[in-house]
Amino acid sequence: MREPHPKRKNYLGIMGWIWGGNYRIERYLYTLHRVTGLGILLFFLVHLCVTTFFRMQQQSWEAAMEILHNPWFKLGEYLVVLAFAYHSLNGLRLIIQELGFGMGKPAPPIYPYRDSLRKSRRWSMALVGTAALIALVFLYDFLVGG
Amino acid sequence: MKNAYLWLAQLVTGILVAVTLGIHMVWMHLDNILSALGIDANEPTSWSSMIQRSRDIVWATLYIALLAFVLYHALYGLRNILFELVQSRGIRRAVTWGILAFGILAFAWGTYVPVILLIK
Numbered sequence: 001m002r003e004p005h006p007k008r009k010n011y012l013g014i015m016g017w018i019w020g021g022n023y024r025i026e027r028y029l030y031t032l033h034r035v036t037g038l039g040i041l042l043f044f045l046v047h048l049c050v051t052t053f054f055r056m057q058q059q060s061w062e063a064a065m066e067i068l069h070n071p072w073f074k075l076g077e078y079l080v081v082l083a084f085a086y087h088s089l090n091g092l093r094l095i096i097q098e099l100g101f102g103m104g105k106p107a108p109p110i111y112p113y114r115d116s117l118r119k120s121r122r123w124s125m126a127l128v129g130t131a132a133l134i135a136l137v138f139l140y141d142f143l144v145g146g
Numbered sequence: 147m148k149n150a151y152l153w154l155a156q157l158v159t160g161i162l163v164a165v166t167l168g169i170h171m172v173w174m175h176l177d178n179i180l181s182a183l184g185i186d187a188n189e190p191t192s193w194s195s196m197i198q199r200s201r202d203i204v205w206a207t208l209y210i211a212l213l214a215f216v217l218y219h220a221l222y223g224l225r226n227i228l229f230e231l232v233q234s235r236g237i238r239r240a241v242t243w244g245i246l247a248f249g250i251l252a253f254a255w256g257t258y259v260p261v262i263l264l265i266k
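One line per chain: the protein sequences are A and B, in this order.
Residue numbering for the first sequence follows the working numbering, starting at 1 and increasing by one per position.
Residue numbering for the second sequence follows the working numbering, starting at 147 and increasing by one per position.
Just chain A, with the same shape it has in the complex (with noise of 0.2 Å):
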């Protein structure tokens, strides 16, 4: 194997999306913010091309419409929605605290020690209840025939 480059002898790859050491669930749903950003932009890709090669005629439109109402991409949509419900609200997480509101005030380093994430972490619980809750109402709309 190949020597890693002295700065970088910590560096993980794409294996620390899967697991960086031992970390708190802020890491993970990093990882699920990134695995949903890619899913969306590979939907994205496809979704582009479908609607606008076969836009220009009807008969092209309605076959395609007819393939994608297959219970298969049916389901597929349907997780390109839970995708986009996480990734919408976690990056609304993010953005708040990226940009250093909600993070609690400063504190010495005394143990048991307190990262200013967990303070908020109501909110992030808040944002994956709400995910979790536009998922279901979107879930019913696909079942009655959407």
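There's no promise every hint is true.
[To be verified] Restraint-style ranges between C-beta atoms, simulated for each label pair:
# : chain 1 : residue 1 : chain 2 : residue 2 : range
1 : B       : Lys266    : A       : Ile18     : 41 to 51 Å
2 : A       : Leu136    : B       : Leu157    : 21 to 31 Å
3 : A       : Glu66     : B       : Ile169    : 18 to 28 Å
4 : B       : Ser195    : A       : Leu29     : 29 to 39 Å
5 : B       : Ile237    : A       : Thr31     : 22 to 32 Å
6 : B       : Met147    : A       : Pro71     : 42 to 52 Å
7 : B       : Asn149    : A       : Leu32     : 21 to 31 Å
In case anyone wonders, no lab produced these hints; they're calculated from the structure.
For every residue, glycine included, the Cβ atom is placed at its ideal position computed from N, Cα and C.
Mind docking chain B on chain A? Use the hints.
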């Protein structure tokens, strides 16, 4: 400093995508709930409904704006991930130019089609 502004633009486009894509998702997927609320989405994936939206300047503007926001937000995010995985300056430059060229092409094509349908 340039990177800070590019990152800030990703935050701003993120919020704009959440709003515009939220409208798109609700309109396309919650048609049953919308009709219960008295809003008729008119079977959103049907040809007639799609053409009706295509000829509406508000929908066309919304779609083109969504396309621009999504392309910036997603391709900048992809560039960040790729930059984490490769260290070579040459490859990073190629990634930047490749992504930029792809984004411009996708935006041009994705704008051309709705504009043609709008004026047809």
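How the hints compare with the structure:
1. B:Lys266 / A:Ile18: 41 to 51 Å: holds, 49 Å
2. A:Leu136 / B:Leu157: 21 to 31 Å: The hinted range 21 to 31 Å holds for Leu136 of chain A and Leu157 of chain B, with Cβ atoms some 28 Å apart.
3. A:Glu66 / B:Ile169: 18 to 28 Å: holds, 26 Å
4. B:Ser195 / A:Leu29: 29 to 39 Å: holds, 37 Å
5. B:Ile237 / A:Thr31: 22 to 32 Å: holds, 24 Å
6. B:Met147 / A:Pro71: 42 to 52 Å: holds, 51 Å
7. B:Asn149 / A:Leu32: 21 to 31 Å: Given about 25 Å between the Cβ atoms, the range holds.
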